[in-house]
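Keeping their order, the protein sequence lines are chains A and B.
Mapping to this note's numbering: the first sequence position 93 is 93, numbers consecutive.
One rule links them: number in this note's numbering = place in the second sequence (from 1) + 1000.
The hints are simulated quantities; they were obtained by calculation from the structure and are not laboratory data.
Treat the hints with care, since some could be wrong.
[To be verified] DEER-style ranges, computed between Cβ atoms: (1) 75(A) - 1207(B): 48 to 56 Å; (2) 1207(B) - 104(A): 54 to 62 Å; (3) 130(A) - 1141(B): 49 to 57 Å; (4) 1219(B) - 130(A): 29 to 37 Å; (5) 130(A) - 1080(B): 51 to 59 Å; (6) 1205(B) - 101(A): 31 to 39 Å; (7) 146(A) - 1116(B): 40 to 48 Å; (8) 1219(B) - 114(A): 32 to 40 Å; (9) 140(A) - 1309(B): 22 to 30 Å; (10) 153(A) - 1309(B): 50 to 58 Å; (11) 1309(B) - 59(A): 42 to 50 Å; (12) 1061(B) - 121(A): 36 to 44 Å; (13) 1207(B) - 28(A): 49 to 57 Å.
[Said to hold, decoys possible] Heads up, incomplete: computed chain A residues facing chain B, CB under 7 Å, no partners named: (14) 2; (15) 21; (16) 67; (17) 94; (18) 112; (19) 131.
[Claimed, not checked] Rough simulated footprint, nothing fancy, chain A against chain B, three-plus residues with beta-carbon under 8 Å: (20) 1102-1110; (21) 1168-1174.
The C-beta atom is built at its ideal place from N, Cα and C for all residues, glycine as well.
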Amino acid sequence: MITEVVYTSPDPQLTYAAGRELGHLLRGRDVVALHGPLGAGKTQFAKGLAAGLGVPPDEPVVSPTFVLVREYAGRLRLYHVDAYRLTGAEELRALGFDEMLAEADAVIAVEWAERVADAVPAGAVHVEFAHVGELERRLRATWSDRARLARFAALLDPPA
Amino acid sequence: MGEQQVTDAGGERSPSTVILGIESSCDETSAAVVVDGRDVRSNIVSSQVDLHARYGGIVPEIASRAHIERIGPVIEEALAVAGVGWSDLKALAVTAGPGLVGSLLVGVTAAKTLALTRGLPLVAVDHIEAHATSAALVTDRPPWPAVALVVSGGHTSLYLVRDFDDIELVGQTVDDAAGEAFDKVAAILELGYPGGPVIDRVARDGNPRAFRFPRPWIDAPHADFSFSGLKTAVLYRVYGPGQKYGSAAHLGPQGVADVAASFQAALVETLVAKTVAAARRARVADVVVGGGVAANSALRAALQAACDAAGLRLHLTPLKYCTDNAAMIAALGYHHYRRGARAALDLEPRAGLLRPAPCRARNARPAADARPA
């Protein structure tokens, strides 16, 4: 059974596409923890997640940095959280994170998840982003749900 | 009750509508007294920038607590400076969104409480619409119809303003706001927070043509913006191929100034070109600009030059009404009040726009906002 998925995305469109594939696999109460520096593709991936969750394409998924949480309605509700300006898990709880977690048909994507690591539940899927080239990014996903992790790997790298 | 009588500066007694505005959407606590939507009698702004600077951004819990401490004194000072009492007021206007919910809640709760205890009507105001109409505080007559550029930490949007209550969103950022791009580039260049003023200052010593950064969608036939790729291009310029530099230190002061100036030039040129194009498409002769980034000196100069060249009248909001302030809330609140708008006492703050944009076909946009060439 695979324990991690490593994928090299050549450009933002495919980072978006990778997010969309993961979005297809998500169920209520899932948490997606996105890790990595500025400009590494977290928001791009989250836009894809939204598309995979059925958020209508005419609704722009924009950076949540300023308002900290944005909410979108698709097949499931998506809470897009940005911890860039948060100082710890307590700050995240003050935004109503526990209430979001308790919603049966909502998923949460958290950017800069390493800043609020204590609040991220054990069952979360973690995606780490790293710069490779100007457009190229390396994505590394880990998830305790190995079955869905394997399906994610298959969707990223379809058999020829 | 009849019209309130207020003595104006000229000493004449005329029926006037005195509105108290309250604003707490982000990191400024503000209250203002404005008469008839134009005559600003007081505009008290208590900034929290110092509280948040060491975190590189606004910390929501700290912001909420600071608002709670300041809202009462700020309101009292606004009334005292204006020389009006509660009985002079016709209505309360409050920012109900968009913004940080915890921050908005403080102003909205104060306004609802005062509306109830003082028996005053309450009017809910959209913060971004207030920025879009703030230039009317100083124009001889309302400049509508106009295209309004609203640029701030959380927003980069173009509106077609036909009247105070007829405001249509025609374009917006699909990823980062202009102010956010300033903040993030300032973080990359290790210049501190907030990024807008410091980049504006550092850029004056830099060459805006030193680096050619992308101008996303500058010639596109729509009014949307995308600044995420611009931020990434700056990141690559600073850290070098393969991220071989761990910081901006290798650039030296002149290199930092050149990157800041070149980044600012790319962002400003994009904002200006798209604003002028939107005005042409809407066939209006007036352009207004509001929001915190409208305080940027390079943006103001470039907008003026471009509007002059295009035969457009530019109405720049004065600096004190560009950053978050309650005068613009009271002013737009006045126009809503006159048209009969009233908010119920169960008014709740909203993180998003009070009047969300209607769904529009965006099929012409790429699904992923790849950096345009």
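Any hints this thing doesn't respect? Which numbers, in order? 6, 7, 9, 11, 12, 14, 15, 18, 20
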